[in-house]
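Q: This is what each chain is made of:
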Amino acid sequence: MKMPISDAAIAALLGYGVVFVGLVLLMAVITLMGKVMTAKKGETAPAPAAPAVPAPAKEGPAAPGSAGDIKLYDVGDREAAMLMAIVADKLGKPLNELRFKSIKEVK
Amino acid sequence: MDILGTLSGLVMDSGFAGFFADGGWKNLIMIALAFVLLYFGIVKKFEPLLLVGIAFGVLLTNIPGGGLYHMPMWDAYVNESAYDPVNDVALYETVDDGIRQIPIEEYLARLTCTAEEKAEVEEKIIEHLSFTDIIHHGGLLDILYIGVKAGLYPCLIFIGIGAMTDFGPLIASPSSLLLGAAAQLGVFLAMFGAILLGFTGPESGAIGIIGGADGPTAILTAMMLAPHLLGPIAIAAYSYMALIPMIQKPLMRALTSEEERKVKMKQARPVSKAEKIIFPILVATFVILLIPSTAPLIGCLMFGNLLRETGVTDRLSDTAQNALMNIVTLFLGISVGATTVASRFLSWETIKIVILGVVAFCFSTIGGLLVGKLMYKLSGGKINPLIGSAGVSAVPMAARVSQDVGRETDPNNFLLMHAMGPNVAGVIGSAIAAGFLIQLFG
Numbered sequence: 001m002k003m004p005i006s007d008a009a010i011a012a013l014l015g016y017g018v019v020f021v022g023l024v025l026l027m028a029v030i031t032l033m034g035k036v037m038t039a040k041k042g043e044t045a046p047a048p049a050a051p052a053v054p055a056p057a058k059e060g061p062a063a064p065g066s067a068g069d070i071k072l073y074d075v076g077d078r079e080a081a082m083l084m085a086i087v088a089d090k091l092g093k094p095l096n097e098l099r100f101k102s103i104k105e106v107k
Numbered sequence: 001m002d003i004l005g006t007l008s009g010l011v012m013d014s015g016f017a018g019f020f021a022d023g024g025w026k027n028l029i030m031i032a033l034a035f036v037l038l039y040f041g042i043v044k045k046f047e048p049l050l051l052v053g054i055a056f057g058v059l060l061t062n063i064p065g066g067g068l069y070h071m072p073m074w075d076a077y078v079n080e081s082a083y084d085p086v087n088d089v090a091l092y093e094t095v096d097d098g099i100r101q102i103p104i105e106e107y108l109a110r111l112t113c114t115a116e117e118k119a120e121v122e123e124k125i126i127e128h129l130s131f132t133d134i135i136h137h138g139g140l141l142d143i144l145y146i147g148v149k150a151g152l153y154p155c156l157i158f159i160g161i162g163a164m165t166d167f168g169p170l171i172a173s174p175s176s177l178l179l180g181a182a183a184q185l186g187v188f189l190a191m192f193g194a195i196l197l198g199f200t201g202p203e204s205g206a207i208g209i210i211g212g213a214d215g216p217t218a219i220l221t222a223m224m225l226a227p228h229l230l231g232p233i234a235i236a237a238y239s240y241m242a243l244i245p246m247i248q249k250p251l252m253r254a255l256t257s258e259e260e261r262k263v264k265m266k267q268a269r270p271v272s273k274a275e276k277i278i279f280p281i282l283v284a285t286f287v288i289l290l291i292p293s294t295a296p297l298i299g300c301l302m303f304g305n306l307l308r309e310t311g312v313t314d315r316l317s318d319t320a321q322n323a324l325m326n327i328v329t330l331f332l333g334i335s336v337g338a339t340t341v342a343s344r345f346l347s348w349e350t351i352k353i354v355i356l357g358v359v360a361f362c363f364s365t366i367g368g369l370l371v372g373k374l375m376y377k378l379s380g381g382k383i384n385p386l387i388g389s390a391g392v393s394a395v396p397m398a399a400r401v402s403q404d405v406g407r408e409t410d411p412n413n414f415l416l417m418h419a420m421g422p423n424v425a426g427v428i429g430s431a432i433a434a435g436f437l438i439q440l441f442g
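Line by line, the protein sequences are chains A and B. Take 1 as the starting number for the first sequence in our numbering and just add one per residue. Take 1 as the starting number for the second sequence in our numbering and just add one per residue.
Source of the hints: derived by calculation from the structure; they are not laboratory data. For glycine and all other residues, C-beta sits at the position ideal for the given N, C-alpha and C. It is possible that part of the hints are untrue.
Stated by the list, open to error - Derived CB-CB ranges, DEER-like:
| hint | chain 1 | residue 1 | chain 2 | residue 2 | range |
| --- | --- | --- | --- | --- | --- |
| 1 | A | Thr31 | B | Asn412 | 38 to 44 angstroms |
| 2 | A | Lys71 | B | Asn412 | 31 to 37 angstroms |
| 3 | B | Ala295 | A | Lys101 | 16 to 22 angstroms |
| 4 | A | Leu25 | B | Ser379 | 19 to 25 angstroms |
| 5 | B | Asp314 | A | Leu13 | 40 to 46 angstroms |
| 6 | A | Leu25 | B | Asp166 | 18 to 24 angstroms |
| 7 | A | Lys101 | B | Phe286 | 40 to 46 angstroms |
| 8 | B | Leu289 | A | Val75 | 24 to 30 angstroms |
| 9 | A | Met82 | B | Asp314 | 38 to 44 angstroms |
My request is simple: use the sequences and hints to build the entire structure.
A: Here's what the structure looks like:
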């Protein structure tokens, strides 16, 4: 069944409005979630702040095939592996001859 | 043995003879169209994963005598009319105010065949088609098409898309959602345009959603609102998605100044793992409560994303991203292509849909860019308006286009991650637009 043009115009405006309102509300919800999570992170910040000063790494030769102990701050395992591979490649040395103490994301 | 009779029968039964039957030339045109689409998919690499499947479906369904897809059977299913599997006829006719069911007795009286043949037809007529009847009487593509008709494939694809999408940029910058909303402008303008061109409300809604630049959403909406237009809508949607760089770049250059394009955006805040896990649960709950008809799309999208982010369902996430996605894409492409039966596809309606599709894409891009410019002004020049055009879904192609146009002006400007926010917001936006249209016209 054909739709009157006035109804079509109203439906189009209403539809666009609904999408906007829906996503603005969603934006508010996500912003709220972000604020809550950031606040929670802030509350627990003193605890993880301690390891910001890298603990003294165990000295001595690394075991063959191992990159030694490493501490990661805000860096995922995959990113860390990629970074270590890049450094090893740039230096032209095998990964197990290098010792990485920590990798930290600079913000 | 009657050798001549046998040979004559072989010739008459061949597909070649079908080209000389009434309207057979249309099949030739559709086969040529299938070759063109295959060329675009294989040589030009335009959305090849789906376009090659769609093109091959177009080819298979238009070879006379193949019997892989029966349009009258699906017409009978949609219009809830009886179906004659012997002659492949749906027992209804279109009249001024809709459709009229043809009584079986009237239909049999119209047949010009012997009484014995009529009795056989009467015995086999199915009054109410079910999926079981379709499996029993249909061809291979009819059976695969059940997945489209049941709304299964688009939803399964959305699980895969969710599993492949990182919503981090959107969580870090929730204002991206405004751009995702703005870029749905084309959906509603094209819907209005379709009504002006004489389409019905549900048909217009299905055509408008092409502007959402999201294939599975377009297919699901078309299937629910105007299944007879599914073929042209799917082909238009995927063709234009492949042509996004050609459609968007001139509009982006025309609507933004060099100063605006040069804006370097500040790095977004890091998003914690917990936020990424909570996000899909929160969005699914909130959006479905807001517009319940978005449940199939948003539910599956967010379920897929949850599998990706939990960290405890890596195997399921991997399957959703790869095996499941590939299998469903394979079935979806070929079965959607099968709906492009020559007698229905070659019409003015298809040409109008193709034109409305490009209008929808252009206005969606313009809507995103204009709100991007507004955000540029309001933020004191901190937001690059080029990321607005990425608000049309088409992930990640539209975000890449923002990056490309940004780098044309300043090779050191990296907009990709900033454009990913509006880009994934566009997926949610087009799902909400589809939900609204389904609720309004469904």
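Q: For each hint, tell me whether it holds in the structure or not.
A: Results for each hint:
A hinted range of 38 to 44 angstroms is violated for the C-beta pair A/Thr31 and B/Asn412, which are about 30 angstroms apart. At about 32 angstroms, the beta-carbon gap between A/Lys71 and B/Asn412 stays in the expected band of 31 to 37 angstroms. A hinted range of 16 to 22 angstroms is violated for the C-beta pair B/Ala295 and A/Lys101, which are about 50 angstroms apart. At roughly 21 angstroms, the beta carbons of A/Leu25 and B/Ser379 sit within the given window of 19 to 25 angstroms.
For B/Asp314 and A/Leu13, the hinted distance range of 40 to 46 angstroms is satisfied, since their beta carbons lie about 45 angstroms from each other. Roughly 23 angstroms separates the CB atoms of A/Leu25 and B/Asp166, a value that falls within the hinted 18 to 24 angstroms. In this structure the supplied range 40 to 46 angstroms holds for A/Lys101 paired with B/Phe286, their Cβ-Cβ distance being about 44 angstroms. About 37 angstroms separates the C-beta atoms of B/Leu289 and A/Val75, a value inconsistent with the hinted range of 24 to 30 angstroms.
Hint check: A/Met82 to B/Asp314, Cβ distance near 19 angstroms, so the stated range 38 to 44 angstroms is violated.
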